[in-house]
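Number of protein chains: 2
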Amino acid sequence: MGWMKDETGLEKTQANFVPLTPLSHLQRAAKVFPTSTAVVYNNHRVNYAEYYARCSQLASALIDVGVKPGSVVATILPNVPAQAEAHFGVPACGAVLNTINTRLDVDTVSYIFNHGEAKVVLVDTQFLPLAESACAKVDGKPPLIIEVPDPSAGFQSSGKYVTYEQFLSSGDKQFKWLMPQDEWESLALNYTSGTTGRPKGVVYHHRGAYLMTMGTVVSWRMQIFPVFLTIVPLFHCNGWNHTWLMPMVGGKLVCCREISAAAIYSAISQEKVAFFGGAPIVLNLIVNADQKERKHFDHKVEVFTAGAPPAPATLDKMEKLGFNVTQVYGLTETYGHVTECLWQDNDWATVTDEERATIKARQGIAMPMMEDITVMDDEMKQIPMDSTTQGEIMIRGNSVMKGYYKNEEATNVAFSGGYFHSGDIAIQHPNTYIQIADRAKDIIISGGENISSVEVEGVLMAHETVSLCAVVAMPDDKWGEVPCAFVELLPNAVTNERELIDFSRTKIAGFKCPKKIVFQELPKTSTGKIQKFELRKVAKDLT
Amino acid sequence: MGWMKDETGLEKTQANFVPLTPLSHLQRAAKVFPTSTAVVYNNHRVNYAEYYARCSQLASALIDVGVKPGSVVATILPNVPAQAEAHFGVPACGAVLNTINTRLDVDTVSYIFNHGEAKVVLVDTQFLPLAESACAKVDGKPPLIIEVPDPSAGFQSSGKYVTYEQFLSSGDKQFKWLMPQDEWESLALNYTSGTTGRPKGVVYHHRGAYLMTMGTVVSWRMQIFPVFLTIVPLFHCNGWNHTWLMPMVGGKLVCCREISAAAIYSAISQEKVAFFGGAPIVLNLIVNADQKERKHFDHKVEVFTAGAPPAPATLDKMEKLGFNVTQVYGLTETYGHVTECLWQDNDWATVTDEERATIKARQGIAMPMMEDITVMDDEMKQIPMDSTTQGEIMIRGNSVMKGYYKNEEATNVAFSGGYFHSGDIAIQHPNTYIQIADRAKDIIISGGENISSVEVEGVLMAHETVSLCAVVAMPDDKWGEVPCAFVELLPNAVTNERELIDFSRTKIAGFKCPKKIVFQELPKTSTGKIQKFELRKVAKDLT
Numbered sequence: 418m419g420w421m422k423d424e425t426g427l428e429k430t431q432a433n434f435v436p437l438t439p440l441s442h443l444q445r446a447a448k449v450f451p452t453s454t455a456v457v458y459n460n461h462r463v464n465y466a467e468y469y470a471r472c473s474q475l476a477s478a479l480i481d482v483g484v485k486p487g488s489v490v491a492t493i494l495p496n497v498p499a500q501a502e503a504h505f506g507v508p509a510c511g512a513v514l515n516t517i518n519t520r521l522d523v524d525t526v527s528y529i530f531n532h533g534e535a536k537v538v539l540v541d542t543q544f545l546p547l548a549e550s551a552c553a554k555v556d557g558k559p560p561l562i563i564e565v566p567d568p569s570a571g572f573q574s575s576g577k578y579v580t581y582e583q584f585l586s587s588g589d590k591q592f593k594w595l596m597p598q599d600e601w602e603s604l605a606l607n608y609t610s611g612t613t614g615r616p617k618g619v620v621y622h623h624r625g626a627y628l629m630t631m632g633t634v635v636s637w638r639m640q641i642f643p644v645f646l647t648i649v650p651l652f653h654c655n656g657w658n659h660t661w662l663m664p665m666v667g668g669k670l671v672c673c674r675e676i677s678a679a680a681i682y683s684a685i686s687q688e689k690v691a692f693f694g695g696a697p698i699v700l701n702l703i704v705n706a707d708q709k710e711r712k713h714f715d716h717k718v719e720v721f722t723a724g725a726p727p728a729p730a731t732l733d734k735m736e737k738l739g740f741n742v743t744q745v746y747g748l749t750e751t752y753g754h755v756t757e758c759l760w761q762d763n764d765w766a767t768v769t770d771e772e773r774a775t776i777k778a779r780q781g782i783a784m785p786m787m788e789d790i791t792v793m794d795d796e797m798k799q800i801p802m803d804s805t806t807q808g809e810i811m812i813r814g815n816s817v818m819k820g821y822y823k824n825e826e827a828t829n830v831a832f833s834g835g836y837f838h839s840g841d842i843a844i845q846h847p848n849t850y851i852q853i854a855d856r857a858k859d860i861i862i863s864g865g866e867n868i869s870s871v872e873v874e875g876v877l878m879a880h881e882t883v884s885l886c887a888v889v890a891m892p893d894d895k896w897g898e899v900p901c902a903f904v905e906l907l908p909n910a911v912t913n914e915r916e917l918i919d920f921s922r923t924k925i926a927g928f929k930c931p932k933k934i935v936f937q938e939l940p941k942t943s944t945g946k947i948q949k950f951e952l953r954k955v956a957k958d959l960t
Numbered sequence: 418m419g420w421m422k423d424e425t426g427l428e429k430t431q432a433n434f435v436p437l438t439p440l441s442h443l444q445r446a447a448k449v450f451p452t453s454t455a456v457v458y459n460n461h462r463v464n465y466a467e468y469y470a471r472c473s474q475l476a477s478a479l480i481d482v483g484v485k486p487g488s489v490v491a492t493i494l495p496n497v498p499a500q501a502e503a504h505f506g507v508p509a510c511g512a513v514l515n516t517i518n519t520r521l522d523v524d525t526v527s528y529i530f531n532h533g534e535a536k537v538v539l540v541d542t543q544f545l546p547l548a549e550s551a552c553a554k555v556d557g558k559p560p561l562i563i564e565v566p567d568p569s570a571g572f573q574s575s576g577k578y579v580t581y582e583q584f585l586s587s588g589d590k591q592f593k594w595l596m597p598q599d600e601w602e603s604l605a606l607n608y609t610s611g612t613t614g615r616p617k618g619v620v621y622h623h624r625g626a627y628l629m630t631m632g633t634v635v636s637w638r639m640q641i642f643p644v645f646l647t648i649v650p651l652f653h654c655n656g657w658n659h660t661w662l663m664p665m666v667g668g669k670l671v672c673c674r675e676i677s678a679a680a681i682y683s684a685i686s687q688e689k690v691a692f693f694g695g696a697p698i699v700l701n702l703i704v705n706a707d708q709k710e711r712k713h714f715d716h717k718v719e720v721f722t723a724g725a726p727p728a729p730a731t732l733d734k735m736e737k738l739g740f741n742v743t744q745v746y747g748l749t750e751t752y753g754h755v756t757e758c759l760w761q762d763n764d765w766a767t768v769t770d771e772e773r774a775t776i777k778a779r780q781g782i783a784m785p786m787m788e789d790i791t792v793m794d795d796e797m798k799q800i801p802m803d804s805t806t807q808g809e810i811m812i813r814g815n816s817v818m819k820g821y822y823k824n825e826e827a828t829n830v831a832f833s834g835g836y837f838h839s840g841d842i843a844i845q846h847p848n849t850y851i852q853i854a855d856r857a858k859d860i861i862i863s864g865g866e867n868i869s870s871v872e873v874e875g876v877l878m879a880h881e882t883v884s885l886c887a888v889v890a891m892p893d894d895k896w897g898e899v900p901c902a903f904v905e906l907l908p909n910a911v912t913n914e915r916e917l918i919d920f921s922r923t924k925i926a927g928f929k930c931p932k933k934i935v936f937q938e939l940p941k942t943s944t945g946k947i948q949k950f951e952l953r954k955v956a957k958d959l960t
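Quick mapping for you: the protein sequence lines, in order, are chains A and B. The working numbering puts the last residue of the first sequence at 960; the count rises by one with no breaks. The working numbering puts the last residue of the second sequence at 960; the count rises by one with no breaks.
It should be emphasised that the hints constitute simulated quantities derived from the structure, not laboratory data. Mixed in with the good hints there might be a few duds.
Derived lysine-lysine pairs resembling DSBU-like cross-links, with alpha carbons at most 30 Å apart [said to hold, decoys possible]:
#	chain 1	residue 1	chain 2	residue 2
1	B	Lys422	A	Lys558
2	B	Lys422	A	Lys429
3	A	Lys422	B	Lys422
4	B	Lys429	A	Lys823
5	A	Lys429	B	Lys536
6	B	Lys737	A	Lys689
7	B	Lys536	B	Lys593
8	A	Lys593	B	Lys798
9	B	Lys737	A	Lys422
10	A	Lys593	B	Lys429
11	B	Lys593	A	Lys429
12	A	Lys422	B	Lys554
13	B	Lys798	A	Lys590
14	B	Lys536	A	Lys593
15	A	Lys717	B	Lys798
16	A	Lys798	B	Lys593
17	B	Lys717	A	Lys737
Computed from a prediction, not measured in an experiment: that's the story for all the values here.
Please put together the full structure from these sequences, using the hints given.
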């Protein structure tokens, strides 16, 4: 390959090789944009110099309580400033950030604590009961709880733990960050929602997150000093890496704890928010807001949406309100979005509104930092790009995880043949744009969260009356999809919808529980396989 | 560092690790923007599918004539499509691109042929005599000449060599590119202008060029589908890497063989050019264009300028015409620009025009892909950021060369202490912005006091009659050296030596004022850089 005849003295040095890491963005921002506003949340308003100092204090304080390079530090936090700071402060001491979904049940959180072996966990006061119960179930030493109260949202400190601000103040503002010496070092640990059994721990490397931020700026048409609203939870693929991106462009990160139409419109109008990401349910909130929740704004707001194609009517309404919606696609394993439905105005300037909505419903093409994203058949051959043939979306590029933590077998399966196997079924159009035909069949996407039908089925199957069951997605105006369960009872067993739903609530998070239970014989193939596609048709008619 | 307790199975794989290279941008563009216009030059107009196919043919044809991975392929070309294609086609066969300055003398070109050992050279018909004479002086086997005629500019094929189009047509459009297996492989070999002795061969790696393209998009506020005009020669730091950048954003590369005000205005008006880079001399061309050369345009044109600070009066005129000028700074060793005078509108929205020009005369801060660019004293300690203390600009980051080819000693000196030593003397302002005081060799030492020639030039440039000026040391019996100014006046402007010296006395200390003013056209390099060494000779004879 491209090695010259004589490469003597051309090796990597400190001057010309620096491991790629998103930490570099904040270090630079603190120097070049020190007075620019970095993070905003209610009365909390810090500039880049302050943001950097707070992250330095966090890193320093973590070392003081025994966190070592390679240790895991967890969070159970909504999108508050402490969560943003953890994205820099945790890796700044060489540790690995494990943001945990605040809506998980105690069992799953304790599983994550056991599996990831977190040394410390930052917990919002609202989620202390969850954290405490999960800690109680940890096999060895549970993580040290640092409490993050949020009086502005009505969550006063419990008084039982060191608070986040006390913890910060014990740290050194001048702490010299421990930058990665190898860009392949681990940066974050994100647990999947566990489509088949236990969640898997997806490990991110510094290099991938850095390149994700560089590519996203391009895809999002983002310029210097953007104003960004955190709607996607930061515990979800680290909020698609947007928090790591912002300092590169001196952006203002506006935190949003509770997502509502009023909160979104206020942030757009008052803080001049011009960028956010969110599931289609967020778009629905915006277009269905009543008059008193709406606020006027004059600037264009760029929206990334993912999880499901936006409905044509919603798209149309969004655009008339001043939003430009781009669909993106990705998975936890790919740091969030890795494809974009890039709008090519030079080719599509004159399409009808209907064609426009049709195009925008596609997942699109590889973002600039990715090498190859395409659709392949079972033998890993490219499928015909004929808008009809189905295959699996396959992903190769630098924003793909290192692998699953302590699960080499699953990692090898996921990466077999040199591509990450997404598990999502798609067609490909002649212009190479990808369109998902069918989500990996057992996943239900409710309010942007993945719910494993297998997990819900497992819960129901544990009930003494249930013989067999299948859970599928039922369309829902508010959540996009909700779980609907079809159940065959054991002979002579008696139960009812209410009892089964209540039972599941004792086992799993509320959002995962079925919203509807149908008692009927399940349609099966000759080999006894349940025909879920038939049940989806039934569920659709139920709404 | 950030290695987790158990990293089994988390090694790099084909799925999650792809060597960074700008070649990826064109591979992606050919898939996702196949019908978008890629390269324009007179009647030559190709889209991305065609551009990719032509580069593939070039790579394939090069292999057929014996080019191997690691071989050097040279060019002696103006900014025509073949030069852009060489930027992809040469590395696509694993070879290293050596773009040679078309204005060099025969001796230097033969030195470069000998030193770089080019196997093939693409030569514009205009520069055949230069190439032939240089080949005649090569010690071993001279490079194979492929002739690039340009009938549209009056250069018909000589008939003596295989032409570029014949050569391409012998290549395979479907050729599978040899992508780097290691991002540290060599991509390009660029010889410095060699102000002191023989030119040095600066070697670029794929990683550096890739990251340069990612950072430049951000600094240049560039969005999807930009239209870019090649004014900076592609043989100069590979045109600041802009050719490698364009496919990432589906940009249109408009080639410009001869730089004139009329050509620039036409490209802006007809092709809607919105981005170009150029030395301040190019800005002078634009603002001094006469009425019949000018064309109307409504869009903002973003200009990167480097080499010297733009004069306040020029800046003011440029902005009124619709150009936004940003000063950038870098060297051949840093792939071109690595700092930018980033305009911070949130802090500077209300500054006066004079303050604005003062700020814009600075070289600024590190671009997003760079790790640390600052000013240090002789002991490599950070200088005080007091706008006064001088030191050397030191550069650390991923867009720094691998080193000098076959010159380990010079490489080690350049990288000593973990930074690339720029050789440029600068001050630093309290906001960290860097401002060049002078090249070390351009400092004038008068009566033991350092005088920055750049400062004196800035004063003279503010005079209403001055179009361009350069200040150098003139030997003086009493003071050792005194400043001597060489001045080009604006068309029809009238002034004299006395008036300019008196004017400078109202602005700076007496000892800094020029003692002699010479009115003449300034000698310039092919890239528009003023050749101060020529002026020093003149000044020496004046005493």
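Quick rundown of the hints versus the structure:
1. Distance check on the hinted pair: B:Lys422 and A:Lys558 sit about 16 Å apart at the alpha-carbon level, within 30 Å; holds.
2. Restraint check for B:Lys422 and A:Lys429: the C-alpha separation of about 28 Å stays at or below 30 Å, so the hint holds.
3. A C-alpha spacing of about 41 Å is found between A:Lys422 and B:Lys422, which places the hinted pair above 30 Å, so the restraint is violated.
4. Pair hint B:Lys429 plus A:Lys823 holds up; C-alpha atoms about 16 Å apart against a cutoff of 30 Å.
5. Between A:Lys429 and B:Lys536 the CA atoms are separated by roughly 27 Å; this keeps the pair inside 30 Å, and the hint holds.
6. Taking the CA atoms of B:Lys737 and A:Lys689, the gap is near 28 Å; set against the 30 Å cutoff, the hint holds.
7. For the proposed pair B:Lys536 and B:Lys593, the alpha carbon gap of about 21 Å is at most 30 Å, so the pair holds.
8. Under the criterion of a C-alpha separation no larger than 30 Å, the hint pairing A:Lys593 with B:Lys798 is consistent with the structure, at around 17 Å.
9. For the proposed pair B:Lys737 and A:Lys422, the alpha carbon gap of about 52 Å is over 30 Å, so the pair is violated.
10. Pair hint A:Lys593 plus B:Lys429 holds up; C-alpha atoms about 29 Å apart against a cutoff of 30 Å.
11. For the given pair, B:Lys593 sits about 29 Å from A:Lys429 by alpha-carbon distance, which is consistent with the 30 Å threshold.
12. Restraint check for A:Lys422 and B:Lys554: the C-alpha separation of about 21 Å stays at or below 30 Å, so the hint holds.
13. With a CA separation close to 22 Å, the supplied pair B:Lys798 and A:Lys590 stays within the 30 Å bound.
14. Under the criterion of a C-alpha separation no larger than 30 Å, the hint pairing B:Lys536 with A:Lys593 is inconsistent with the structure, at around 49 Å.
15. With a CA separation close to 46 Å, the supplied pair A:Lys717 and B:Lys798 exceeds the 30 Å bound.
16. A threshold of 30 Å between alpha carbons decides the hint, and for A:Lys798 with B:Lys593 the separation of about 17 Å falls inside it, so the pair holds.
17. Among the hinted pairs, B:Lys717 with A:Lys737 is consistent with the structure: their alpha-carbon atoms are about 26 Å apart, no more than 30 Å.
Violated hints, in rising order: 3, 9, 14, 15; the structure is consistent with all others.
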